[in-house]
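So the protein sequences, as listed, match chains A and B. Okay, so the first sequence: first residue is 1 according to our numbering, each after it adds one. Okay, so the second sequence: first residue is 1 according to our numbering, each after it adds one.
Check before you lean on any hint, since a few could be wrong.
Same chains, same label: a pair holds when it works inside one copy or across any pair of copies.
Said to hold, decoys possible - Derived lysine-lysine pairs resembling BS3-like cross-links, with alpha carbons at most 30 angstroms apart:
1. 310 x 258
2. 348 x 258
3. 135 x 348
4. 348 x 310
5. 169 x 348
6. 169 x 135
7. 310 x 585
These are calculated hints, taken from the structure and not from any lab test. Here the structure is a predicted model, which means the values were calculated and not measured.
Protein chains: 2
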Amino acid sequence: MDDEQLSFARELAAQLRVDSIRCSTQAGSGHPTSSLSAADLMAVLLVGHLRYDWERPALAANDHLIFSKGHASPLLYSMFRAVGVVDEDELINTYRQFGSRLQGHPTPVLPWVDVATGSLGQGLPDAVGVALAGKYLDRLPFHTWILCGDSETAEGSMWEALDKASYYKLGNLTAIIDVNRLGQRGPTELEWDLERYAARVRAFGCAPVIIDGHDLAAIDQALTEARTSQDVPTVVLARTIKAKGVPEIEDENGWHGKALPPEMAERAIAALGGRSELHVTTAGPEAGEPAIAANPEAQVLLPTYEPGQKVATRAAFGAAIAALAARPEIVVIDGEVGNSTHAEEFEKVAPERYFEVFIAEQQLVATAVGVAVRGYVAFASTFAVFFSRAFDFVRMAGISQVDIRLVGSHAGVEIGQDGPSQMALEDIASLRAVHGSIVLCPADASCAVKLTAAMADTAGIVYLRTTRGAYSVLYGPEEDFPIGGSKTLRATPEDDVTLIGAGVTVHECIAAAEELAGVGVSARVIDLYSIKPLDRDTLIRACRDTGGRLVVAEDHYPEGGIGSAVLEALADADVPVRLAHLAVKDLPTSGTPAELLNAAGISARHIADAARRLVGDHD
Amino acid sequence: MDDEQLSFARELAAQLRVDSIRCSTQAGSGHPTSSLSAADLMAVLLVGHLRYDWERPALAANDHLIFSKGHASPLLYSMFRAVGVVDEDELINTYRQFGSRLQGHPTPVLPWVDVATGSLGQGLPDAVGVALAGKYLDRLPFHTWILCGDSETAEGSMWEALDKASYYKLGNLTAIIDVNRLGQRGPTELEWDLERYAARVRAFGCAPVIIDGHDLAAIDQALTEARTSQDVPTVVLARTIKAKGVPEIEDENGWHGKALPPEMAERAIAALGGRSELHVTTAGPEAGEPAIAANPEAQVLLPTYEPGQKVATRAAFGAAIAALAARPEIVVIDGEVGNSTHAEEFEKVAPERYFEVFIAEQQLVATAVGVAVRGYVAFASTFAVFFSRAFDFVRMAGISQVDIRLVGSHAGVEIGQDGPSQMALEDIASLRAVHGSIVLCPADASCAVKLTAAMADTAGIVYLRTTRGAYSVLYGPEEDFPIGGSKTLRATPEDDVTLIGAGVTVHECIAAAEELAGVGVSARVIDLYSIKPLDRDTLIRACRDTGGRLVVAEDHYPEGGIGSAVLEALADADVPVRLAHLAVKDLPTSGTPAELLNAAGISARHIADAARRLVGDHD
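So here's chain A without its partners, still in its complex pose (with noise of 0.2 angstroms):
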C-alpha cells in the first residue's frame, strides 16, 4: 500500500470504530471495546488486501473473510457498510434488533459470511476446511483470512486447526490474532507475550509474525507476506488495545461486551472524527474457477446386495461412498479410524478427494463445514461416538445452516468387547437436538447403501449410525428408502402389536416377532431406518391397528433417542399409545454382542417378553 492508500485506511478505521461505536451503543448491548481493537487491522485488509466481488458473494475466486471471534460483529458490520453493502440505517438502527440479518454474533443470513460464529475458537478451524478446499480441490488462488480473539487461543480446536494447516501445507490461510489482552473478565493467560504466542505457533507449523496492530504501515506488510507465502501458513499476532480509540477506557478491564453509555459513545466519536461516509473499493477477485465442476448427474454404480448375505452396514456405506467418488464433488474426511469406519474405500478410488485428519474430531467436522462452504459435498466420518467430542461444532454447522454429511459407526452395546467408552449410547438423542439436522440408522447394507446416496443430495446436518457387526441383508436392491420413510416388515390388519427397531434391533424384532408367532401373538414390524424426520402416519396406523401396542427396542440409552422419537411423534395425534420401552438402562461393559444386548435388555427375548405383557395386559 502506498501512503495515500494508508492515509485512506487510517480514516477508514476511525470510521469502522465510530461505526462500532454508534451501532452497538444504539443496541444498547454487543462487543464495540473487541471491536476498536481490531479495527486497524480490518481497515488496512479491506483497503489493501482482501480481494473480493461484494456484488458477487457467490464468486468462486473471492478471498474469505471469518471472523473467528464473532463478538466483533460491530466491526465486521461496519465494513459491510464501508463496502456499500450494509446502509448506514440498517446498521445503526437494526443491529441486534429483532428481525435484523444483523444479529450479535455473525450467521450466513448474510451472504458475505461463511459460518456462523461466536461459539470461540471455531472460525479458524472452519477456515482450515476453506482453505484446504482451495488449495486442493478448487485450485484456486483465493485467500482465507481469519480474525482471531487472543482468548480463544485457549481452545484445543485452535491448535487442531494450526496443526492441520500446517500439516497441509496452508500458505493460502492467513489467521489474524488481535492481541488485546483482555478477556471477558480480565487478562488473558499470556497477555502481551507475544513471543510465547510465536513459539506456540512455530511450533505447530506456522509462521508467526509479531506486529504492533495499530501500526498500519506494519499490518500491511505482514499481510503482504502472508499472502504470498507458498506452503506456510500465516499466524499474525498483533499486539492491540483493547478499546483502542475510546482513551478513557483503552486496556481497561471490565469493559468486556458491554455497549458505550451514550454519552461516553459521543465523546469517543466526536474525538474519532466524528461520522464519516467513505466508501472502500476492494480489489476484485483474480480470475479462475473451481479445478472440479460438480456433476450430481454422473453415473454412479452403486453396489447391490441379496437378502441373507451377512454385511455390516459400515461395509456397505463404504462401498458406497466409493460408487458416489464417481461424482466429483464428493469429498471424504476421516478421523484417522477410516479403515473401520470403511470411508477409506472412497481413498482407494479417489485419493485426492480423500482427508486425513487423524484423531482431531473437532477438526474433522469443522473441515466438512469449510469444504462445504467452498460447495463441496463433504462426508465426515469416525466412531458414531466420537462425535460427541465435536457436538459444539456440530451445533454450529446447524446454524450456519451448512450442509455436512457426519458417519458414524461401531454405535451402541452392539460393538460388544471394547466397552463403553467406545458405544454411541447418546448420539440419537444428541444429534436429533441439533437445528436441521436428520438422523438414518439403517439395518441393512441395501438401505445404508441406499441412505448414503440419498445423503449426497439431503440438506442439513445429515448423520448415518452404522454397525460394527455384520447383519443378514433384509431387502433387495430395487428397494427405496426415502428420508423420512420406514419399512413394515412384517403385517397383517389383525396385528396384536408392533415392534420398533432400527439398526441392529430391527434383527431382535424380527426374530421376536417370530418367537411371537410360536406362541399366537402376531407382531408387526416395524424399520425405523428414518429417525429424523419419521414416518408419522405409519407409527398412527399401527398405534390404530394394534391398539397402541408398541415396543421400541434401541441400542441407546433410554433418553431421547428412538421412543422419544416415536412418543414426541404421536404425542398430540388422537390415537391410544402405550410403550414398552426397551433401552440400554445400565453402565454396559464389555462382552460379546450377544451378551450385551440381552444384558440391556434389547433382545429379542426381551422384545418378545415385553409385547406379550402388552398383549396380556389388554387382554
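Following the hints, put chain B in place on chain A, whose structure we already have.
Relative to chain A, chain B alone:
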C-alpha cells in the same frame, strides 16, 4: 534405580509383554501391540518410581497412574497382576469377557483406576485436575503419572491440558508419551520426529525429555528428574517401537487393535522367555493427609429471597455457591465467564478453591473430574451452551461414575440479543442422555439456591440450567425442592388442562393460566424443576385430573427436551395423554427475550392458545 533393579525391571517388562499378549490372544481382541511399545516405560515406573499402596487404593498420599491411552489395557492389567491385585486366572481368562471388571478399556470399576479412558485425549486433561488438587488443595507430595499415546496428541484437548498444567505450575505431573509412530491406520502425523513434539511441549510451558523408550536406564533417569520437578510439568517423549518384543510384527502397520493369532503368540511368548510369576513391591506413598478436611456439616447460611423480588437464577446460584464455600470440600472451576455465570461470587470468599481455566471447556470439565477423583465436590460453570464443547468429557465422566456438578447459565432464546450461537437449545436433550445424569432447571431464585445446595450432596453428573434474565421469585425460603420433585403452582380438582414448564417458561405458564382463568378455563401449572429424574406421580395425577390434556412449553429445541421427558415418563402409564408441545422449532435470531419467546411460540399467549385448543378438542 541400581543395576539389580534395572535388571529386575527388564524381566518385569518381558512379563508385562507376555501377559499382554496372553490375555489379548485369549480374548481374541484388544491392543497388544500398543501395550508392547510401552512395557519398558511402565516396568521402570512400577519398579522404581510409582509410590502406591495397592491394598489401600483410597490412600490420600498414593501416586496416581492414568492410562490416557486406555486401549493399552492389557499392559495396565498385566501391571495389576505384577503387583498382586489381579491374579493370573482373572487376567488371562476374563479380560474383555462379559461380567469381568477387566474391560476392553479401563474403568473405575477397578479400584486402582481413577477415570474411564478410551476416548483419546482425556486421561491427561483429567490428570491435570488430579495434580491441581494435589498441589493446591491436598498439598500432598503425590505424583500424577499419565501414559499417553502419540496419536492422541492430535486432540486439541491435550494442548489445553498441557497449557493448564504449566499455567498452574504442576511439577507434580508427568506425561509419558509412547511415541510408537503408528496409529490405527498408518503412521502418525509426526511419526518419530521427537524434536517437533519437544518444541510443542516446550512452547506450552512444559519440560520435554526425549528418550529411547526401550532404554531402561534412560527411562529411569527421566522419571527421576520428572519427580523432582518443582513447578514445571514434565513430558517424557519416549521413542518406542510398536509391538516391541515380537520381531515379526515390530513397527509394522496393520497390527493396531489386533490380538496376535495363537501360534504367533506362542512363538512370541517363548522368545520373550515364557510365562513368569514376578511380583513387584512398589514403594509406598509418603505419609500425609490432605490439607483440607471435608466438612459436609459445616454451617451454610444460604441466601433467601421473598416472592415478588426479581432475581436471575444465575445470580441466585452465585449467592448460593458463595454460601456453600463454608464447606471446605467445595471447589469451583470457571471457564472465564464467572462474572456472567456468577460463579465468581465463590472466588470472592474462597479464592484458594476457585480455579480459572480460561476459554477451554474440555479442560473445564476434565478439571472438575480430576478434582472430584481427589474427593472434592467440584462445580464447573460456563454458559450452558458451551458444555456442548465438552460433551465427550461429560459422557466419559458418566462412564467414570464420578460426581461432578455442571452449572450452565444463558440458556435458550431467553438470552436475547446475543443470538443463537450463545443459546443452549440442545443441552437438556444431550445431558439427559448421559449415563447417571441429573438435569435441573429452577424457575426462581429460591429454587436455584436449594438446588445448588442439593447438588453438593448429589451423586452423578448433575447439571443446573440457570436463566440470564431476572424473574419473579415464586417461592419463599421455607420451600424445599427435592431432586425428582416438582411444584404445582396452581391446582383445583376441576382443572381442564395442565401447563408444564421449567425455568423461564414456568413464568409464561403462570401468565397463561391467569389469561385462561379469564376465559373460564382452569389450568393447573407444574414447575418441572427436576427434569431428570422427574416427578412421574404428579404428571400421572395431572393426566388423570385434566383428561390427559398437557401443554409443555420449553426454551429448547423440540427433540429430547422436557416434552420428551414427560412423554417418556408417561409412556407406559395407563393414563390418557394428549400433549401440545411448545418448543423452539425454528432457528432463533437476535431480539429481546420477550420478542424471541414470542417468535418461538413459547410465551404465555401461545401456551394459552394451545391450552384452549386442547380443551376445545375435548369439549
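Here is how each hint holds up against the structure:
With identical chains, the CA atoms of residue 310 and residue 258 are at most 30 angstroms apart between copies only, with a shortest distance of 22 angstroms across copies and 61 angstroms within one. Taking identical chains as interchangeable, the C-alpha atoms of residue 348 and residue 258 lie at most 30 angstroms apart only when they sit on different chains, with a minimum of 23 angstroms there against 53 angstroms within one chain. Proximity of residue 135 and residue 348 under a CA criterion of 30 angstroms is satisfied intra-copy only: 21 angstroms inside one chain copy versus 51 angstroms between copies. Only within a single protomer do residue 348 and residue 310 lie at most 30 angstroms apart by alpha-carbon distance; the minimum there is 23 angstroms, versus 63 angstroms between protomers.
In this assembly of identical chains, the alpha carbons of residue 169 and residue 348 lie at most 30 angstroms apart only when taken from the same copy (23 angstroms versus 47 angstroms across copies). Taking CA atoms no more than 30 angstroms apart as the test, residue 169 paired with residue 135 passes inside one copy only; the shortest distance there is 9 angstroms, against 41 angstroms between copies. In this assembly of identical chains, residue 310 and residue 585 lie within 30 angstroms of each other by CA distance solely inside one copy; the values are 29 angstroms within and 40 angstroms between copies.
Violated hints: none; the structure is consistent with every hint.
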